[in-house]
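Hey, can you work out the whole structure from these sequences and the hints?
Okay, here's what each chain looks like letter by letter:
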Amino acid sequence: MNSLWKVFTTTIGKKAVMAGTGGVLLAFAVVHMAGNLQMFLGWGDINHYADFLKSHREALWPFRTVLATCLLLHVATGVFLTLDNRQRRGTPYEVKKLVGASFGSRTMLISGSIVLCFIVYHLLHFTMGVTNPEYLTFQDSQGRADVYRMIKTAFSGLAIAGFYVLGVGALGFHLSHGVRAMVESLGLRMETWASRIDKTSIVVACLLFLGFASVPLAVLMGVLK
Amino acid sequence: MKVTVRVWRQKNPQSLGGFVEYEVKDVSPATSFLEMLDVLNEQLIKQSKEPVHFDSDCREGICGMCSCMINGEAHGPENKVTTCQTYMRSFKDGDVITVEPFRAKAFPLVKDLVVDRSAFDRIIQAGGFISVTAGSAPEANTVPLSKYHSDLAMDAAACIGCGACVAACKNASANLFVAAKVAHLNLLPQGAPEKDPRVLAMVEAMTKEGFGACSVSGSCEAVCPKGIVTSFISRMNHDFLTAALKLRVHSARV
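Residue numbers (my numbering), protein chains in the order written: chain A, 7 to 231; chain B, 5 to 258.
Heads up, a few of these hints could be off.
[Said to hold, decoys possible] Heads up, simulated DSSO-like pairs for lysine-lysine below, C-alpha to C-alpha not over 27 Å straight-line:
| id | chain 1 | residue 1 | chain 2 | residue 2 |
| --- | --- | --- | --- | --- |
| 1 | A | 20 | B | 109 |
| 2 | B | 151 | A | 103 |
| 3 | B | 84 | A | 103 |
Hint data in this document are derived by calculation from the structure and do not stem from the laboratory.
Structure representation (structure tokens):
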């Protein structure tokens with residue numbers, strides 16, 4: 007082990023990449039959720055927030071580049087490790103009981119894939135306006151992009167709102183295992199902290215799910231006027 | 005009681021293996037799983053058939069020699085026991101019990117239920133030791149050690165190296181075993197001076213042997229006969245990543 011580069015030839019090094027990039031994406035998800043919740047404050051606040059983000063182009067693009075790089079590394083390392091891990095057994099067991107492993111931990115590739123599909127759709131839907139170009143023409147009384155109206159229009163359809171809830175649901179499952187795995191892989195889930203971190207992982211997953219799902223559900227139920 | 009065992013039979017690593025069913029009668033619920041296999045082998049020998057090959061040594065749950073996946077669980081259905089300490093009272097009369105060897109590419113099969121676990125020995129050879137001058141025992145209490153760290157090191161040292169963690173892990177990862185060995189030496193003052201080169205060398209050896217990555221699912225912890233917990237894996241990750249960042253050159257070891 008005479009160069010730092012060799013760290014990444016070990017599984018621990020690769021898992022550290024998964025954890026580090028996952029951590030950045032998690033931090034983004036938390037900030038994103040906090041931003042979304044401004045929907046409940048009314049159109050003025052959310053439109054002002056969106057305007058604030060979009061008007062700082064010099065910060066926006068480096069930020070997006072970091073996120074995209076993290077996502078790419080996370081997905082690539084995850085797929086590589088999953089395929090590699092499947093080679094390690096050799097002859098499969100005839101009978102194998104599932105012991106210890108949680109549902110979330112066994113479905114990381116599936117939940118991750120759903121989240122990835124969701125992210126792609128979400129970018130085409132809201133950010134780039136490919137699927138619904140009319141959204142980008144919405145303007146509020148102050149001449150800003152009317153994000154409030156865009157979200158209300160999008161989520162008034164059951165199919166799209168349902169898909170969003172499914173997407174963030176998959177994110178919740180992914181994080182219920184992902185957070186504890188991240189802390190473990192970075193070498194910080196030790197002794198008495200282990201069980202606290204495991205519980206925190208589930209709490210974080212639930213809070214993010216509820217935070218994200220609350221907006222489409224609120225629109226569907228007519229809470230947001 | 006009477007049980008039917010479906011045992012994996014395989015003549016040698018090259019030949020094709022498969023399950024063979026045997027009926028074992030008059031088994032006392034107080035016999036251990038391995039003794040039940042002994043009874044089966046007596047039957048087979050009387051019939052001039054090849055007995056079922058399996059590993060065993062101390063038969064009191066401390067040597068780590070016995071293995072076997074019993075009905076899909078490493079060391080059988082009971083918690084925190086080895087196969088030799090699994091008793092037939094854990095099964096019901098008339099049960100069909102599937103017995104397979106521990107499966108991992110890093111544990112090549114030798115014969116029937118016997119697998120070659122010397123990959124573990126090579127990992128230990130890479131760093132699972134302390135370089136001390138052997139001599140008379142040092143004066144007691146000359147080396148200060150906190151109760152917390154001594155307890156923790158003892159918990160890690162309970163690992164008997166049976167390989168159940170590898171057998172149960174969906175990735176056939178050896179992280180729990182290596183973590184226990186790294187922790188029990190790294191936590192103690194006698195092992196601390198070689199902390200960094202040890203963890204780097206042992207992880208490198210583990211990678212070379214072809215064990216999979218840790219998915220943090222916790223299956224290893226669930227089957228470990230000695231109750232080694234996954235937080236030791238985190239401790240190893242910590243020791244490994246910090247050692248790697250310090251760029252300690254492996255060959256610089258004196």
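Hint check results:
1. A:20 to B:109: holds, 20 Å
2. B:151 to A:103: Distance of about 38 Å is beyond 27 Å: violated.
3. B:84 to A:103: holds, 16 Å
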